[in-house]
Amino acid sequence: MRAVSKATDSAVKIGARSALLLRSWERWVRFVPALLLVGVAAHQVFLANTAGLSPWSGGGFGMFSTTDAGSSRHLHAFVIRPGIQREARIPEAMKDRAQRVATFPSDANLRAFALVLADLPTPDHGPATSVRIQVWHTVFDPINLAPIGRILRSLEVSVQERGPNGPRDAASESKGFAGEPQ
Amino acid sequence: MSRLEGAARSLRQIDPVDLALRLTLLDLLLRPIGEWQIRPAILVLAGAGLLIPGWLRRPPLWFALAGLTAFRFWADWPLADNHAYLISYWCLAVGISLVVRDTEACLALNGRLLIGLAFAFAVLWKLLLSPDFINGTFLRVTMLQDPRFEDWTLLSTGLSADQLEIQHAALDRHLDAPPFEVEPGPALSARFSWIADATTYWTAAIELALAAAFLWWKGGVLSRARHALLIVFCATTYAVATVEGFGWLLISMGVAQCDPRLVKTRALYLASFALILLYREVPWARLLADAIGAAGP
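Top line first, the protein sequences correspond to chains P and R.
Each step along the first sequence adds one to the number in the working numbering, with nothing skipped, and position 53 is 53.
Each step along the second sequence adds one to the number in the working numbering, with nothing skipped, and position 24 is 24.
Keep in mind the hints are simulated off the structure, nothing from the lab.
Among the hints, a few may not be true.
Computed beta-carbon distance windows for the label pairs [what the hints assert, rightly or not]:
1. P:Asp124 x R:Asp176: 16 to 26 Å
2. P:Ile143 x R:Trp202: 14 to 24 Å
3. P:Ile84 x R:Asp176: 13 to 23 Å
4. R:Val232 x P:Ala108: 35 to 45 Å
5. P:Gly39 x R:Leu222: 23 to 33 Å
6. P:Ala108 x R:Arg191: 43 to 53 Å
7. P:Lys13 x R:Leu262: 42 to 52 Å
8. R:Val232 x P:Arg97: 37 to 47 Å
9. P:Arg97 x R:Ala7: 45 to 55 Å
10. R:Arg191 x P:Gly39: 38 to 48 Å
11. P:Phe46 x R:Arg9: 46 to 56 Å
Straight line, CA to CA, 20 Å or less: simulated SDA-like cross-link-like pairs of lysine to any residue [to be verified]:
12. P:Lys95 x P:Thr122
13. R:Lys264 x R:Asp15
14. R:Lys218 x R:Thr265
15. P:Lys95 x R:Ala80
16. R:Lys264 x R:Val17
17. P:Lys95 x R:Leu79
18. R:Lys218 x R:Ala120
19. R:Lys218 x R:Pro260
20. R:Lys264 x R:Arg9
21. R:Lys218 x R:Leu208
22. R:Lys218 x P:Arg30
23. R:Lys218 x P:Phe31
24. P:Lys95 x P:Ser106
25. P:Lys95 x R:Glu35
26. R:Lys264 x R:Arg12
27. P:Lys95 x R:Trp77
28. R:Lys264 x R:Arg224
29. R:Lys264 x R:Ser2
30. R:Lys218 x P:Trp28
31. R:Lys218 x R:Leu262
32. R:Lys218 x R:Ile231
33. P:Lys95 x P:Leu115
34. R:Lys264 x R:Ile231
35. P:Lys95 x P:Val116
36. R:Lys264 x R:Leu229
37. R:Lys264 x R:Glu5
38. R:Lys218 x P:Arg27
39. P:Lys13 x P:Arg23
40. R:Lys218 x P:Ala34
Using N, Cα and C, we set each Cβ at its ideal position, and we do this for glycine too.
Based on the provided sequences and hints, a complete structural model is requested.
Put into C-alpha cells, the structure is as follows:
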C-alpha cells in the first residue's frame with residue numbers, strides 16, 4: 001500500500017514538472033516570430049551599413065524610405081588585360097545575377113561575379129589579368145532633383161592567380177566603398 | 001434596424017482567431033507570392049484552409065505556409081520585399097498559437113509585436129538611417145518616377161500627363177562619368193512640393209504613432225488608439241501606394257487583437273480590407289483626375 005502511494009506521489013511530481021516545463025516552453029515559443037523579425041531586420045541594417053545592401057531589400061523594412069532601391073542600381077564591369085581595359089557586356093542570362101550583386105554588393109558577391117565575368121569571351125587576346133566591378137547608384141539633388149551618379153562600391157579582383165578551388169582562391173583585390181568615381 | 005443589429009450580432013459571434021486566419025488566407029489568395037515553384041502550393045493550401053471544414057485551425061497547414069513563404073525569401077534573397085518576410089513570420093505565429101493552450105492571447109500578442117516592430121524598423125529607416133526621406137527627396141522622386149504613384153500625382157499636384165513624362169525622363173538619366181551630375185528637369189510647382197512634403201511628414205508621423213501604439217503596454221493611452229491608427233493608415237496609404245498585400249496582412253494582424261465586442265472596430269477593419277481591394281481594382285485617382293481634367297490632354 002505504501003509502495004503504491006509512493007509511486008502515485010512520484011507520478012504526480014513528474015506530471016507537475018512536465019506541466020511546468022510545458023508552461024515555460026509555451027511562454028517563450030510565442031516570442032519566436034518577433035525575435036526572428038528583430039534578428040533579420042537588425043542583420044539587414046548591419047549589412048546595409050557595412051556591405052552596401054540596398055535598404056529596400058533584406059527584410060529590414062526600409063522599403064519606401066530612400067531612392068536607393070536595388071532595382072535602381074546598375075553595375076559596370078571592366079575586364080583588364082595587359083594594356084587593355086574593356087567594359088564587359090553582361091549577357092542577358094546573367095542580368096538577374098547582376099541585379100542581385102548590385103542589390104547586395106558584398107565583397108564575396110562582387111568577387112564571385114567578377115571571376116565569372118573574367119571567363120566571358122571578348123575580342124581581346126590572352127587571359128584576363130583582373131576584373132574591376134563598379135556598382136553605381138543615383139542620388140538626387142534635394143533642391144532641383146538633378147540626378148547625380150555615384151559609385152557605391154568598387155572592387156578589382158585579380159584572376160591570374162586563381163587557384164584550383166575556383167573563385168575563392170582569387171589572389172588579390174583592391175576595393176573602394178562609397179568613394180569618389182574612379 | 002433589426003437587420004443592422006443582426007449583422008452586428010453575427011460580426012460579434014465570429015471568433016477573432018478564425019477571422020484573422022481567414023483574412024490571412026484571403027491575402028495569400030488575392031495577392032499570391034513567390035515564383036512558380038512555390039506559388040501553386042501556397043494557393044492550394046490557402047484555398048484548402050478556407051474551404052475544407054476543420055483545416056483552418058490545423059497547425060501543419062500554417063507551419064507549411066510559414067515554410068513555403070520563408071523558402072521564398074530565402075531562395076530570392078535579398079530581392080524579396082518586406083511583405084514576404086512579414087507574412088512568413090505571421091504564418092509561423094499562427095502555427096505556434098494553434099499549438100499552445102491560449103491560442104487567442106498568443107495570436108493577439110504576436111499581431112501586436114509584429115506590427116509594432118515592423119513599423120519601428122520602418123521609422124528607423126525613414127527618420128534616422130535614410131539620408132533622403134525626411135528632406136522630401138524620396139517622395140518627390142517617387143511621385144514622379146514610380147508608376148504606382150502616377151495616378152495620385154496627376155490628381156493631386158496639377159501636373160499634366162505630358163509634364164509628368166518629361167519629369168520622369170529627366171530623373172531616369174544618369175551619367176557615369178565626369179561631371180556625374182545631369183541637368184535637372186523643369187522646375188516643379190510650389191503645389192507639387194507642398195503635396196510631397198505633406199505626404200512625407202504624414203507618413204513619418206503615422207508610422208511613428210503606429211510603432212508606439214502597438215509596442216506600448218496594453219491599456220495605455222497610446223495602446224487604445226492602435227486600432228484607429230491602423231485603420232486610418234490602411235485607408236489612406238493604400239489609396240496611393242498600391243501594395244495591397246501588405247495592407248491586408250496588417251489588417252489580419254490587427255483583427256487578431258480586436259475584442260469581438262468592439263463591433264464597429266471590427267466592421268471598420270473589414271471595410272478597410274474591402275477598400276484596399278477596391279483601390280486595387282478601380283483606378284479611382286485616374287478616373288477622378290480625368291473627370292476634373294487634372295491630368296491634362
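(message) Tell me the numbers of any earlier hints that the structure contravenes, in ascending order.
(response) Of the numbered hints given earlier, the structure breaks none, since each of them holds.
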